[in-house]
Structure formats: structure tokens, C-alpha cells
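Please build the complex by placing chain G on the supplied structure of chain Z, with the hints as guidance.
From first to last, the protein sequence lines stand for chains Z and G. For the record, in the first sequence the residue sitting at position 10 is 51 according to this note's numbering, with numbers rising by one throughout. For the record, in the second sequence the residue sitting at position 170 is 326 according to this note's numbering, with numbers rising by one throughout.
Below, a list of computed lysine to aspartate or glutamate pairs in the EDC-like style, where the Cα atoms sit at most 20 Å apart:
hint: 1; chain 1: Z; residue 1: 70; chain 2: G; residue 2: 296
hint: 2; chain 1: Z; residue 1: 112; chain 2: Z; residue 2: 142
hint: 3; chain 1: Z; residue 1: 70; chain 2: G; residue 2: 298
hint: 4; chain 1: G; residue 1: 251; chain 2: Z; residue 2: 87
hint: 5; chain 1: Z; residue 1: 78; chain 2: G; residue 2: 212
hint: 6; chain 1: Z; residue 1: 68; chain 2: G; residue 2: 298
Some but not every residue of chain G turned toward chain Z, in silico, with C-beta under 7 Å:
hint: 7; residue: 192
hint: 8; residue: 194
hint: 9; residue: 195
hint: 10; residue: 196
hint: 11; residue: 221
hint: 12; residue: 223
hint: 13; residue: 225
hint: 14; residue: 257
hint: 15; residue: 259
hint: 16; residue: 263
hint: 17; residue: 299
hint: 18; residue: 301
No lab work stands behind these hints, which were simulated from the structure alone. Since this is a predicted model, take the numbers as computed values, not measurements. Backbone N, C-alpha and C define an ideal beta-carbon position, used for all residues, glycine too.
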Amino acid sequence: MKLYLSKYYYFILIFMVNFSSYAEVIKIKSIPGASFKPLSGAQVMEVNGCYSNVSYIGFNLPIGSALIGVKLIAVDTVGKEKIRLSVAKSNSAIVDGFQIDSMVDLKPLNVIKYISASPPYIVQENDFFTLHFTRNKSNTVKMCGVKVYYLTDPASELIFYNSFE
Amino acid sequence: MIKYKKNIFIVLFLALFSNVAISQESKISISGSSFNPLGGGHTQFWNGCYWSRLNDGQGDDGNMYAGVDIPIGASITRITAHFQDWANQEDTRPKLSLRKHNGFSGLAGLAEAQIPFVTMDYPGYYKSSADVIPHYVVQEDDFFELMFVVGESFFINSYHICGADIYYQLAK
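Just chain Z, same shape as in the assembly:
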């Protein structure tokens, strides 16, 4: 009975219900294979939402957020193809040394690969990002999509950055 009489009880109740959904920690930017652009003259083919002969796509992240890694989903119809996915950062036209990159041995089926930025990269003003997707000259690898993982409040959330590897 005393509980009903407390004014603060209402405030606590409203607070709990409203803020219960704010537990989101890792933000995800979804970059489909269809966002990737070909280099000039390259013949892009599409099968099941995966794209061959595509090379790059630019993207941006909020200033102050922390880029923690990317997930690559690609498919190789033959196998044994080496591919590289790198994240490049540039200030104006100068591409910096910052990179996440990884050589991936593709199996004949879809591959899923997590690549971590270590340490996480804190996004600065004037940063522009590019995903570079390179592969051998054969045209058997198709890009299905990339998920970019980042934290918008890195100071309090850096502890989570290893958790998705």
C-alpha cells in the first residue's frame, strides 16, 4: 500500500519502461554486394544478390565512433581464390596507412569472415572510408555483402570490441 503512495514510484516506472529498449551496443552498417562499384569497363554479373567484378564502395561513420571490424560474405564458384578486403581511410585525397585487411581462402561455397580492427579506430573529422575488394583476375568470386561494426560511444563500450570475433 505504501508503494502506491510514493510519487517517485511513477517516475521510476516510466523510466524503466521507456529505457528498457536502449541496451543496443554495437551498431551495424549494412553494405550489400549491390553497393559495390566496378572499376571502369568491368563487366558486373549478378547471381542471387552476389556481384562479380566489383571493387569498391565509399561509406562514412559518425565522428567519434569506433570502427571495430567488418564481416565479409562472399562466394566463390570454383574455390581456392584469394581475395582481400581492406578498409581504407583518407583525409582528403591522401590514403592513410590505416587498414583492416585479410587474405581469405575461399571454399567453393559462401564464406563468412570477420576481420577486426585492432585497436579499434576512432573516427576523426575529415575521415572518408572506402571498402576495397580485390581478387585474382579470374571472375569466380562474387561479393554478397559486408557488415561494418562500430560503437557510437566508444569510451564506455570498448570492452565489447573483442566479443564478436
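Below, chain G alone, put in the same frame as chain Z:
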């Protein structure tokens, strides 16, 4: 005491619905310039609308693709496609479709908007909408793309994509 008991239900009601009931419609607009050519086509443009010509820019019109990022949890309701029509052919009405997949499989069309057939007042700019039935709620693993399919035509330079809107609702 009875008065307070009534109040608690009012407060509960307000607390719950201030949280979820605000479901506003938002849209993502994708410019025609975001579309890339399939099959090695060369991109052409006129008045802010885009199309692709195969065979080094000398062949037939080709299809174009564009990727799109839609927020997780969004409920996609419909799409609107903006076209330019220079041919007005009844049998080859190009389409813009919104498709999703999860990177591995499950490529599925969610909605398909087609250039309307008009018997007069063309060439011109037309938009057409298509509902997503049922509304699709975006999952974490989803990838979305737009495909501008011109189909086969006896005409070249005939249909252009000017842009697309994807409408969705976000709870809160």
C-alpha cells in the same frame, strides 16, 4: 486509496504507449546516380536520370543495380520508383524491384514498381509505387538492393531511372 489505484493504470498506460505507439513513417531516397550498370554497360544520363548501354555504350539498354542500407527493426511498407520514359512501349515496361537476401541465400523480391503505360503525354517523367505485402521487418543479417530491369526492347535509350524511395515505419 482507490484514487491512487486508478492512477497507476493511467501511468502504466502512458508509460507503455509513449514507448511504442509513436510509429512514424520515414523514407530513404536513393538517387538514380547511385545505380551501377550490369554486364559492362556504360552509364548515360539526361536530366538527372540514368540508364546503361551495353557493348561499350553501343548496344542495347542494360540493367542497373544499387545497394541500400535500411535500419534494423524498420518495417518496410512500400517503394516509389521515379522513371523517365522515352519509348512508351506496352510490352516492355521496365521495373524497379526491391530485393533482400542474407548474403548466403534467400534472395526474395519485396516489391516491384513498373513504369506506367501511357497513351499520351510522353516522353516524360513518371513515378509509380508498389506496396510491400506483408510489411517486411528488417533483420540484422539482411542486405537490400534495388534492381532496375529494362527487359528486352527494340528501342535504345528508352527508359531511365531517376531515383527511388523506400518507405518504412520505426517503432519509436
